Amino acid sequence: MNDAVVTALIAAGAAIAGGALTGVFTLAGAKRQAKAAWAAGERQAAAAWEAGRQQAAAAWDAGQLQATAQLDVARRTLTEQTLAGQRAVRRAAYVTLLSRTDNAQQALAAWQSAIGTTDEAPRRREYDAAMGAVGEALNVVRLEGPDTVTAAAQTLRDALAITSPATQHSVAQAEFLDAARAALTPVQSLPGG
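Count the sequence shown with my numbering and you get residues 1 to 193, in order.
Calculated directly from the structure, the hints in this document are not laboratory data.
There's no promise every hint is true.
FRET-style restraints, in silico, Cβ to Cβ [stated by the list, open to error]:
1. ARG91 - THR163: 49 to 55 Å
2. LEU177 - ALA74: 21 to 27 Å
3. GLN112 - LEU143: 28 to 34 Å
4. GLY63 - ARG87: 14 to 20 Å
5. ALA67 - ASP102: 49 to 55 Å
6. ALA109 - GLN154: 18 to 24 Å
7. ASP72 - ILE162: 53 to 59 Å
8. ALA17 - ALA37: 28 to 34 Å
9. GLN154 - THR118: 30 to 36 Å
10. ALA74 - ASP102: 38 to 44 Å
All of these numbers come straight from a predicted model, not from anything done at the bench.
We put the beta carbon where it would ideally sit given N, CA and C, even for glycine.
With the hints as constraints, model all of the structure from the sequences given.
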């Protein structure tokens, strides 16, 4: 064989071996790049998953806070409406009692002025009827309360008794008004409570 053929075979073998060696290194590099890209993709997916989970958790927490706040507002509104309704019923009961005690006071004065006249008996019946109406109004006040107003209302009714001094009615009425106003004054809550 001639030297040129041997040289050509050696050169061809070297070229093939070089190409094969380059291919092996290229394949190994491509595998490393693919593995690194896969790992980077996994890290990116995990980070995106965690960010989404945190965002969902934050949205859930915000939703719960908002729902709790709305329930609190609704609860407070309902409580305020209930208390306002209770005050309105009490106010009506107190006004009725005051009106009926005023009528009984006038009936008592009219009866006392009529003693010894022909109007004495009818005026006494008017006084008795007026005191019956006071008793009915007092029962409503007893139901609505509170105890301080009920006690003052009882004292006011007792001040209309035949044997009570004339000045006792105005004192008892003032005490009843003070107790009624205190009971009807809304309680101011502290901020946040």
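Practice item. Quick one: which hint numbers does this structure break? Sort them smallest to largest. Key: 1, 2, 4
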